[in-house]
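Each protein sequence line maps, in turn, to chains A and B.
Residues 161 to 881 (the numbering used here) are what the first sequence spells out, left to right.
Residues 161 to 881 (the numbering used here) are what the second sequence spells out, left to right.
Treat the hints with care, since some could be wrong.
No distinction is drawn between identical chains; accordingly, a pair holds when it is met within one copy or between any pair of copies.
Stated by the list, open to error - Here are the simulated lysine-lysine pairs, DSSO-like style, with alpha carbons at most 27 Å apart: (1) K526 / K642; (2) K230 / K754; (3) K698 / K739; (4) K230 / K827; (5) K631 / K752; (6) K789 / K297; (7) K526 / K754; (8) K631 / K351; (9) K866 / K642; (10) K789 / K766; (11) K230 / K789; (12) K680 / K387; (13) K828 / K866; (14) K866 / K766; (15) K297 / K766; (16) K451 / K369.
By construction, these hints were calculated from the structure, which means they are not laboratory data.
Protein chains: 2
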Amino acid sequence: MLSANPVLRTTKPMTTATEKKPAIFTRTPNLREENTLALRKQLHEYFVTTFDRYESLFEVLTCDQAYYEKPISLRHPLIFYYGHTATFFVNKLLLARMIVERINPRFESMFAVGVDEMSWDDLNDAHYQWPTPAEVKAYRDQVRFLVINLIQTAPLQLPVDWYNPWWAIIMGIEHERIHLETSSVLIRQHKLEYVKTHPQWIPCQETGKAPVNRLIQVPAGEVVLGKDKSNAYYGWDNEYGVHRADVKEFQASQFLVSNQEFLDFVLAGGYESPQYWEPEGQGWLNFTQAKSPTFWVKKNSGWYLRLMTEEVPMPWDWPVEVNYHEAKAFCNWKKNITGLAVRLPTEDEWYRLYDEATVAPITAEKAKANIQLDYFASSCPVNRFAQGDFYDLVGNVWQWTETPIYPFEGFDVHTIYDDFTTPTFDERHNLIKGGSWISCGNETLRDARYAFRRHFFQHAGFRYVISEDVKPVPSSHYENDKLLSEYAEFHYGDEYFGVANFSQSLANLAIQWVGDAAHKKALDLGCASGRATFELAKHFDFVTGIDFSARFVGQGVLLARGETLRYTLADEGELVQYKSRNLNDLGLSETKDKVDFFQGDACNLKSQFTGYDFILAANLIDRLYSPAKFLSGIHERLVVGGLLMLTSPYTWLVDHTPREDWIGGFKKDGESFTSFDGLLALLSPHFELVQQPIEVPFVIRETRRKFQHSLSEVTLWKRLK
Amino acid sequence: MLSANPVLRTTKPMTTATEKKPAIFTRTPNLREENTLALRKQLHEYFVTTFDRYESLFEVLTCDQAYYEKPISLRHPLIFYYGHTATFFVNKLLLARMIVERINPRFESMFAVGVDEMSWDDLNDAHYQWPTPAEVKAYRDQVRFLVINLIQTAPLQLPVDWYNPWWAIIMGIEHERIHLETSSVLIRQHKLEYVKTHPQWIPCQETGKAPVNRLIQVPAGEVVLGKDKSNAYYGWDNEYGVHRADVKEFQASQFLVSNQEFLDFVLAGGYESPQYWEPEGQGWLNFTQAKSPTFWVKKNSGWYLRLMTEEVPMPWDWPVEVNYHEAKAFCNWKKNITGLAVRLPTEDEWYRLYDEATVAPITAEKAKANIQLDYFASSCPVNRFAQGDFYDLVGNVWQWTETPIYPFEGFDVHTIYDDFTTPTFDERHNLIKGGSWISCGNETLRDARYAFRRHFFQHAGFRYVISEDVKPVPSSHYENDKLLSEYAEFHYGDEYFGVANFSQSLANLAIQWVGDAAHKKALDLGCASGRATFELAKHFDFVTGIDFSARFVGQGVLLARGETLRYTLADEGELVQYKSRNLNDLGLSETKDKVDFFQGDACNLKSQFTGYDFILAANLIDRLYSPAKFLSGIHERLVVGGLLMLTSPYTWLVDHTPREDWIGGFKKDGESFTSFDGLLALLSPHFELVQQPIEVPFVIRETRRKFQHSLSEVTLWKRLK
């Protein structure tokens, strides 16, 4: 391990951003390079060009004040972003244990956390005593030396993959490439007086009459998304795993929507017509009072377009840049005037277009797309780069989709960056695809998946499609209610202290005890998250799971749909880990058509639930408001000769069961009267005990180091009459 | 196992109470009789004579109304006691699994629970639809058959001891003998019209001038109380175990205080002089407005004494019958007028008298004392039965002592009667010794120990002693605060799930890590119940335990005094088990002079606590209001080179530690910052980490079937500067 502090060996003369001007900006490296020296050289080049290019971006600023004044109120000033990408390296290298000390704790605290674009209350400038740009540059130089030194001298075990500490280095570079783009957007939103033209950031000069858009038929086909951890290129967590989908035939616009095409919507009063806007979009429109796209500038002399460092007369044939709400309102308007099912493409449809047009991956050659800074520091005409029958499937500007970002099957967070994607699994962040003129590195790969809040601005526009078919995306919700998460883990998660899965143990006992007896219908009463319901369905023809809590039942329903149950588990304080399970993982996928789940009250069960050969009531009776009512009526739900399996730790609590309704666990007529005594008393009119009580342990994880470890008394009863 | 129901074989003709009149009432049997037939015969005789004699007591009642009207407001009417002793057999035989069914569930519910003499609010006659005496007699006959049948036919494994199911039979008989006495007291408190004389219940006719009491010197000596479970005679739980005491020289009155002697106190205005009464006695006096002993009746013709079935002119030479408060007030008055240290004897002093006078045990011969109904159905003159130099050390009336009942070392509850004594371990129940004219069976043994609320009436009086020496009795308190009990068990109790005692494991690790280094002074900070303090004292010369909670510290203090820590442990609902531990049990008695305990605040420790070679802070930091304050100052308490051992599951809770004071377990500057990171940051100015973190498990029992099972991260730090 290297120390980040105090003195770094200078391994080569410092480069500064202006000295270099690569003809082609470096591509994200193939990490399967087997020559370690070649790999070190490649990473060194990739790091330096990225670090340089990022610094060159800030050279367009005209004065120190440009660093301190916020371009938009909801994000930090640019000085933060200038330091942030350097601090990110230090933080991730520390977590990966490639270094053991900080370079500048004060800076690294200040430059650590960006501001989410929607946190109105979060930002308080009083907290920040920003350093000067020169101080930040000096700090960046320290980080530059550190990273170069590591790349040249740190022990390197191949492969450099997800599990390798060197992943932190690539992560830092790719992270800086993302900020290259997002900082360019902030600069584009800055006052004109704070920016100046720069030889490395020359916008496109080409413009002409916008082409008339037309719809192209796209045949149905399957798309396969996702990649595995053996992939040769760096990826963010959300790219891994697998997703397959059959996409129905649809039509898509040949070009991205141009400024010209969007003008019709503006002139038609689109910004004054709430009916075209989705409810969330109406809220945004109401808040901002927008009248036209954000980078459009209306002057007496006509419309202009704000680019990164200048305003130019409106290039009508360039793609319009809007947020999701504006794009969606345009589609709704167009749907209204054409009668066609106009909407944005889904992520799957974008891949269908990509595959159908056989878009070529970006190589070391100049791209056949306005991407990677290979051509311009701006958009260009929508009819400049053809890809198959279409234009701009990749490059020029990002393209909004209808699809909120969601995790693929097999999604996993990376330990040193567990909040890259998970906070966006909230169905409020939509995917953008294809990349823009400044997208580079990982952003240019087919696998790349980025998502932003729907009201956010990037260099992003859209193309539209005609199709009625919009599939709901798989649930991306991570359950973080403490109790629901604990039960998800209790039912479907890992085992602790060597204690076997409780639901599975009970189901196995049940199946053993039922033996060759009738096993058509079973009922899992108080099924909670439903694991025993699935386990019983291995033996029974059909199993019904019922729980009082619709939220618990929801976990079973979700799994029975074939989806993945996702939850966060408390580790320590506020720190969590992310977990997911589905029936496949548990060898239970065959059972999903043999189960059904309902919300219901065990003390007041609907009449339809009857005629069962077997009923399981696991850890239920001490959570009922009237266990006696349940016990004295449960025989009606079983066939004569049917079996009732009860399990309970008899943890009576007045919060669940009024004291007078406990069935045992007190002195009765002066003598100890146990819950088992209570069961005998209440069940004897219709049941005989057919197994002596046994205890089955279970463990519920509360935190990484704290567990409930209990014993549930299991009894088996046969209905006699 | 026999079924108590439905039909019982009639094994011999029924006896009724009036047919038999044994010259000598049967003695409690020697249970080491090795001939089982002889033993069955003996138990049969003991049962039948007891059952008969008890029934004959109710023959003094004049009418059914006498069964239903309560003699005193705070206890059930006599019909209850008529049924109760029979039901007791059924209940205990069920618990001992000698029978499996009830005889009469309704009766057995009604007759199960007596009423404690102090529960003012507990009794509601509306609940009771008492049966007729004839119905109860029929029920008693069923129970009689049941028990006789068992005694004659149930399998009998010798020895009949504490662990034998037959113990329930003797328990039932001895229980009935107790009620023979307590019911006789209730009858004595009944209206005269409800009672009549009876040939089996003839009081003493002898009376004369009361002797003048005098003090006799008793030399110092040791007494040994308690017995072990191999003892040949039935005993109640409180008699087992061992207690040894050195009793200083004292003087004792030759006679019990007679009515005559007590009259002086009455005439001196004792009942109108609160200054002679203890505070609790003043409360009783105030409530009852008593002016003389409860069985004294003042008529125009002078004082009379109420006996069980009649009133007689005051026999001035009989012992006065009073409660503790009256006896104590008499002593205080006498102390005041004599200047002598007059008080009641302690239990130890009563044994000293018993041993010194070489009182003979009761045998099959007529007793040399007014006891066992061998002579009278009442008291007799205080100078009738000499025992050594004294009179009435046993027999005539019970004698109040200064000693609240407490458990001997080795005390254990009996599983089928866990609330015989434990509810009286409250320092509000004082021991009475010696027995009365109606005391029989176990009550007549030297080992017998009965205690009643101090305001309660029995056939009880007192003798007084002169001595300044009153030793405090050992704590008899059973901790039943949930948290304190759980910690008592956590520190000193059993192991669960095979997880070794946590405090011991930590101390062993500490001793191993300290090795040959200095080990003079150690500090156990957050010592809770103190187990690790004792464990560390195996190696360190002196160990100080400090906890924020004085109640926790109290457990360590009590153990260090050589006393026994007693606590109830929740089993299920309200059911508990009784546990006790002392340092002997744990092999720690050698350490008790090497420890000291203090209440203190780890975040604000007094300056005296410094200069330690070793500090343990086990499961402390996540319970502090300011862990940072603690961690940044703790080096001042250690010598340079000293070791600090921290353990924690890092269960941060805002209830203990405000969120802003957590030292880790959150995202800091965007990255996961664990509690261990926080320790490193806060301790590094003065410490180096000398052991990598390890996890040590611990288990806290909440109920019989519910446990907290946690992992504590253990780190070791050396003070460098």
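Hint check results:
no., hint, verdict
1, K526 / K642, "neither (51 Å within a copy, 74 Å between copies)"
2, K230 / K754, "neither (58 Å within a copy, 66 Å between copies)"
3, K698 / K739, "within (25 Å within a copy, 46 Å between copies)"
4, K230 / K827, "between (71 Å within a copy, 25 Å between copies)"
5, K631 / K752, "within (21 Å within a copy, 74 Å between copies)"
6, K789 / K297, "neither (74 Å within a copy, 37 Å between copies)"
7, K526 / K754, "neither (56 Å within a copy, 82 Å between copies)"
8, K631 / K351, "neither (42 Å within a copy, 90 Å between copies)"
9, K866 / K642, "both (13 Å within a copy, 19 Å between copies)"
10, K789 / K766, "within (14 Å within a copy, 59 Å between copies)"
11, K230 / K789, "neither (65 Å within a copy, 38 Å between copies)"
12, K680 / K387, "neither (42 Å within a copy, 62 Å between copies)"
13, K828 / K866, "between (36 Å within a copy, 23 Å between copies)"
14, K866 / K766, "neither (38 Å within a copy, 32 Å between copies)"
15, K297 / K766, "neither (71 Å within a copy, 50 Å between copies)"
16, K451 / K369, "within (24 Å within a copy, 120 Å between copies)"
In the structure shown, a violation is registered for the earlier hints numbered 1, 2, 6, 7, 8, 11, 12, 14 and 15, in ascending order.
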